[in-house]
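We have chain A already, so just place chain B on it with the hints.
Protein sequence lines correspond, in order, to chains A and B.
The opening residue of the first sequence carries number 9 in the numbering used here; numbering runs sequentially from there.
The opening residue of the second sequence carries number 9 in the numbering used here; numbering runs sequentially from there.
What the hints contain is simulated information worked out from the structure, not anything from laboratory work.
Yeah, the Cβ is synthetic: ideal placement off N, Cα and C, and Gly gets one too.
Accuracy of the hints is not assured; some may be wrong.
[Stated by the list, open to error] If you anchor each label on the Cβ, the simulated ranges turn out as follows:
(1) A:Glu-138 - B:Leu-141: 22 to 28 Å
(2) A:Asp-145 - B:Ala-192: 37 to 43 Å
(3) B:Asp-163 - A:Pro-266: 46 to 52 Å
(4) B:Pro-148 - A:Ala-46: 25 to 31 Å
(5) B:Asp-163 - A:Asp-253: 25 to 31 Å
(6) B:Asp-163 - A:Leu-117: 24 to 30 Å
(7) A:Pro-187 - B:Arg-174: 29 to 35 Å
(8) B:Gly-248 - A:Asp-145: 19 to 25 Å
(9) A:Asp-145 - B:Pro-159: 23 to 29 Å
(10) B:Arg-174 - A:Ile-256: 33 to 39 Å
Chain by chain, the residues:
Number of protein chains: 2
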Amino acid sequence: MQGTSQTYRDAADLMTRGESHRVWSLIVTIFGDMAQGAGDAISGAALSRLVGMMGVRPEAMRVALHRLRKDGWIDSRREGRGSLHWLTPFGRAQSAEASPRIYDRVRSLSGPWHLLMSGGADGTGRVQLEGALLTGDYLPIGSQVVLGQGPLPNDLHGLFGAEVSRFQVPGWLRHQVCPAEIMALYSALEADLRAVTAILDRGPPLCALETAAIRLLAVHSWRRLLFRHPDLPDAFFPEGWRGPDCRILFCDLVARLPAPGLDRVEAAA
Amino acid sequence: MQGTSQTYRDAADLMTRGESHRVWSLIVTIFGDMAQGAGDAISGAALSRLVGMMGVRPEAMRVALHRLRKDGWIDSRREGRGSLHWLTPFGRAQSAEASPRIYDRVRSLSGPWHLLMSGGADGTGRVQLEGALLTGDYLPIGSQVVLGQGPLPNDLHGLFGAEVSRFQVPGWLRHQVCPAEIMALYSALEADLRAVTAILDRGPPLCALETAAIRLLAVHSWRRLLFRHPDLPDAFFPEGWRGPDCRILFCDLVARLPAPGLDRVEAAA
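In isolation and in its complexed conformation, chain A is listed as follows:
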């Protein structure tokens, strides 16, 4: 982080909290935030400079890019003495799907929702229920029920299906959706977002690359926490959950740290 301002270092420390982010995931955040459009690309030099500001070494970045190419997220090509990287159509689709969950100021998730149910103890439909869970689109509730977003699918594979217009969620299910450990992480993130905001209020303006880096670290911290639990309406979370407050603080923070255009990042690299 040499050559960065004290304000930047103080804010970046809070957003990394001492732990090093997984580089693979950090690069997904960067492309999702800055280069999600068709035709967007980031040079190896600019990417290296950005992740360097977040404490990531060039070798770690190269290993992560290799893995992202292998998994079908990223495509790359040589360009003069360097390289150029961009999201594949798969990577763009994944990023686009995640974006509302990350960036929407209010997450209403108004529904409809649906429940799929097996026959219970005698095992009727148990296999079909496990099939639904394997898609990753369902929340298990006990051993006999799964909850999914949207209207009832056409083919329920023999499960009992119910489209739901209203929920009442008891404590045991709220704690299953968001256990104490994740509740604590929300409280910690809220404090960190407030502290970063205060640091930016006090300090001199950041340069373009510092702005981009703090923005990306904030997006990454927020995204990582969000994806540790299912995407459900607020009524599914325990009393005292700091999610909606974190969302407002996050949106305010990234609004004052606008993503620089790719051309400015390339120019600074």
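Here is chain B on its own, set in the frame of chain A:
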């Protein structure tokens, strides 16, 4: 059944199918059909004549009336040399609740409905779910889910509740709601109702008491079958279920066999 017409005996045979109805339940049918209003009462003599036409001996009727009084359905008093019987407020309420299910020409049950769910294998909410089942207002689905009519109750006693706008019902649940044995009873009742209708079409008109007795036997057969399964929309019943056809046949039959006024029954007794 002495002194009754051949037409009556042929029709009554079909509606009793050789088996003797439980007298207790038959008397509930009679009061529900003929004397559900506040102030309605039936004399012992008229009741005795009516059930006599259905093959019930006076001693059996007296035993049944005793039990109905003990259970809070019926109240009685001496009246001259005989007695007078009427439904208690409880009996009237029970009859009124059952009436739409018995007499409505179309049973739409359009909802809303709601599901209550326990936490599954770990037993969370198991006791509360059993409490809901004890009310008799819920259909169990496996060991973790119960289905009830109406909007979500205010207090779910810690269960997960969902108000349902649409269902898709698999075969295993349809066969739980209406197993093969009850399916067969519906098919048999359909045939019997058609046969009784044909007998009435062919024969000379019944007298007032015969009309009342055939009507009551039809109501009783229909009511007994209806209450052998939960009251659910048609979508919860197996393919080939004769319920809606039976309902139309039953309604047509009782429409041509109007309940005589209590005064006519008393005059005939």
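Results of checking the hints against the structure:
As the Cβ distance of A:Glu-138 to B:Leu-141 is approximately 27 Å, the hint placing it in 22 to 28 Å holds. At about 41 Å, the CB distance of A:Asp-145 to B:Ala-192 agrees with the hint of 37 to 43 Å. Checking the proposed 46 to 52 Å range against B:Asp-163 and A:Pro-266 shows it holds: the Cβ atoms sit about 49 Å from each other. For B:Pro-148 and A:Ala-46, the hinted distance range of 25 to 31 Å is not satisfied, since their beta carbons lie about 53 Å from each other.
Between B:Asp-163 and A:Asp-253, the C-beta spacing of about 30 Å keeps the proposed range 25 to 31 Å intact. The hinted window of 24 to 30 Å between B:Asp-163 and A:Leu-117 holds, with their beta carbons roughly 25 Å apart. Between A:Pro-187 and B:Arg-174 the Cβ separation comes to about 32 Å, which falls inside the hinted range of 29 to 35 Å. Evaluation of the 19 to 25 Å hint for B:Gly-248 and A:Asp-145 yields a failure: the beta carbon distance comes to about 35 Å.
Distance hint check: the CB atoms of A:Asp-145 and B:Pro-159 are about 28 Å apart, consistent with the given range 23 to 29 Å. Against the hinted window of 33 to 39 Å, the Cβ-Cβ separation of B:Arg-174 and A:Ile-256 comes to about 35 Å, which satisfies the hint.
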